[in-house]
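Protein chains: 6
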Amino acid sequence: MPQVQITMLEGRTLEQKRRVAQRITEVLVEDAGASREAISISFVEVSKENYASSGVLVVDKKKNS
Amino acid sequence: MPQVQITMLEGRTLEQKRRVAQRITEVLVEDAGASREAISISFVEVSKENYASSGVLVVDKKKNS
Amino acid sequence: MPQVQITMLEGRTLEQKRRVAQRITEVLVEDAGASREAISISFVEVSKENYASSGVLVVDKKKNS
Amino acid sequence: MPQVQITMLEGRTLEQKRRVAQRITEVLVEDAGASREAISISFVEVSKENYASSGVLVVDKKKNS
Amino acid sequence: MPQVQITMLEGRTLEQKRRVAQRITEVLVEDAGASREAISISFVEVSKENYASSGVLVVDKKKNS
Amino acid sequence: MPQVQITMLEGRTLEQKRRVAQRITEVLVEDAGASREAISISFVEVSKENYASSGVLVVDKKKNS
Numbered sequence: 001m002p003q004v005q006i007t008m009l010e011g012r013t014l015e016q017k018r019r020v021a022q023r024i025t026e027v028l029v030e031d032a033g034a035s036r037e038a039i040s041i042s043f044v045e046v047s048k049e050n051y052a053s054s055g056v057l058v059v060d061k062k063k064n065s
Numbered sequence: 001m002p003q004v005q006i007t008m009l010e011g012r013t014l015e016q017k018r019r020v021a022q023r024i025t026e027v028l029v030e031d032a033g034a035s036r037e038a039i040s041i042s043f044v045e046v047s048k049e050n051y052a053s054s055g056v057l058v059v060d061k062k063k064n065s
Numbered sequence: 001m002p003q004v005q006i007t008m009l010e011g012r013t014l015e016q017k018r019r020v021a022q023r024i025t026e027v028l029v030e031d032a033g034a035s036r037e038a039i040s041i042s043f044v045e046v047s048k049e050n051y052a053s054s055g056v057l058v059v060d061k062k063k064n065s
Numbered sequence: 001m002p003q004v005q006i007t008m009l010e011g012r013t014l015e016q017k018r019r020v021a022q023r024i025t026e027v028l029v030e031d032a033g034a035s036r037e038a039i040s041i042s043f044v045e046v047s048k049e050n051y052a053s054s055g056v057l058v059v060d061k062k063k064n065s
Numbered sequence: 001m002p003q004v005q006i007t008m009l010e011g012r013t014l015e016q017k018r019r020v021a022q023r024i025t026e027v028l029v030e031d032a033g034a035s036r037e038a039i040s041i042s043f044v045e046v047s048k049e050n051y052a053s054s055g056v057l058v059v060d061k062k063k064n065s
Numbered sequence: 001m002p003q004v005q006i007t008m009l010e011g012r013t014l015e016q017k018r019r020v021a022q023r024i025t026e027v028l029v030e031d032a033g034a035s036r037e038a039i040s041i042s043f044v045e046v047s048k049e050n051y052a053s054s055g056v057l058v059v060d061k062k063k064n065s
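Chains as they are written, first to last, in the numbering used here: chain A, 1 to 65; chain B, 1 to 65; chain C, 1 to 65; chain D, 1 to 65; chain E, 1 to 65; chain F, 1 to 65.
Bound-form chain A, shown alone (with noise of 0.2 Å):
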């Protein structure tokens, strides 16, 4: 039954995506015992400016490295 919610910078692949989608089931299927059809997985998708971390947008971290 799990509900999967990834946040994360946009611009990842759809084949990317298709692969964590595909993994990510199987491990929740493998070692948490979930039945595959229950598991819905969601990403959610942000820029730049709307990701932090240590207080500092992405977008930020990106001027200086």
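Don't read these hints as lab results, they were simulated from the structure. Any given hint might turn out to be false.
It does not matter which identical chain is meant; a pair holds if it fits inside one copy or across any two.
With a Cα cut of at most 20 Å, we get these calculated SDA-like pairs of lysine to any residue [as the list claims (entries may be wrong)]: (1) 48 with 38; (2) 48 with 60; (3) 48 with 16; (4) 48 with 58; (5) 48 with 37; (6) 48 with 33; (7) 61 with 9; (8) 61 with 30; (9) 48 with 35; (10) 48 with 22; (11) 48 with 10; (12) 48 with 18; (13) 48 with 23; (14) 48 with 13; (15) 48 with 11; (16) 48 with 9; (17) 61 with 46; (18) 61 with 19.
Given chain A, put chains B, C, D, E and F in place with the hints provided.
Same frame as chain A, now just chains B, C, D, E and F:
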């Protein structure tokens, strides 16, 4: 006081969202005893590339059915 | 395909949750065109110490009203 | 270790988000004892069609006020 | 930079969670190009009264099957 | 209108949460132009078994440091 987040495929019309927001609020007032003015609802819309069930992205299901 | 998360104060009865889950699912089927079996709803219950509106925790509002 | 998600109307400027991310991180370090490098903040921006309070979409409130 | 939230029924063992956290992190590093130290995962555990699919609480499904 | 969800380890005191809720609300009013009465904040507290960074549960980090 409920915060409601509904993560769903993009593409619903304004009228559909209007109805959903209105009716879900009614449900929470009537059946959960929430006060109307304390209820907030957000629709987080994702593309067919960004939603998977049973390990398969919606965009891939469409191809096959 | 909607994933619904309802974050609310703890304390609703089983019967209240049963009704809310049932009716919100109806709303999403009828007004958003979702397929019933794809809808999942989670109730994330928090204590009065863990919810604030207008900057004030619910536990503190109770003291004053 | 906090994960922070802020769901809000789109339209804030980069400078506003920069300030919010910086200051919320400070609050969590100073008042919750979180370590700065463990704090991540995401802004999930939604349109006026995708946010409702008291059962009314923001887009509809704008029409009337 | 992904923030991952997994909302699931309570009852998984520590070993199960350990494996899931480890493996999902691997997937995001390998297939989404995320940096390991930027990935955070939270398990939000809910009771059988607090999770529904197809409009039916898990606690009620258990009664019937 | 922001909905804020803060997912963090359990164990903060009431006074800490009170301060965090108050100050984050101020930040959103002052820097994001949100109206105070529209801001809701939920603390979703998780145990050390239910939070991982870099692929390692907090409960396992504690063992080693």
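Structure-based check of each hint:
| no. | hint | in the structure |
| --- | --- | --- |
| 1 | 48 with 38 | between (32 Å within a copy, 14 Å between copies) |
| 2 | 48 with 60 | within (8 Å within a copy, 27 Å between copies) |
| 3 | 48 with 16 | both (19 Å within a copy, 14 Å between copies) |
| 4 | 48 with 58 | within (5 Å within a copy, 25 Å between copies) |
| 5 | 48 with 37 | between (33 Å within a copy, 17 Å between copies) |
| 6 | 48 with 33 | between (35 Å within a copy, 15 Å between copies) |
| 7 | 61 with 9 | within (13 Å within a copy, 24 Å between copies) |
| 8 | 61 with 30 | neither (37 Å within a copy, 22 Å between copies) |
| 9 | 48 with 35 | between (35 Å within a copy, 15 Å between copies) |
| 10 | 48 with 22 | between (26 Å within a copy, 15 Å between copies) |
| 11 | 48 with 10 | both (8 Å within a copy, 14 Å between copies) |
| 12 | 48 with 18 | between (22 Å within a copy, 11 Å between copies) |
| 13 | 48 with 23 | between (26 Å within a copy, 18 Å between copies) |
| 14 | 48 with 13 | both (16 Å within a copy, 13 Å between copies) |
| 15 | 48 with 11 | both (10 Å within a copy, 15 Å between copies) |
| 16 | 48 with 9 | both (7 Å within a copy, 17 Å between copies) |
| 17 | 61 with 46 | within (15 Å within a copy, 24 Å between copies) |
| 18 | 61 with 19 | between (28 Å within a copy, 14 Å between copies) |
This entry does not satisfy hint 8, going by the numbered hints stated previously; all others are met.
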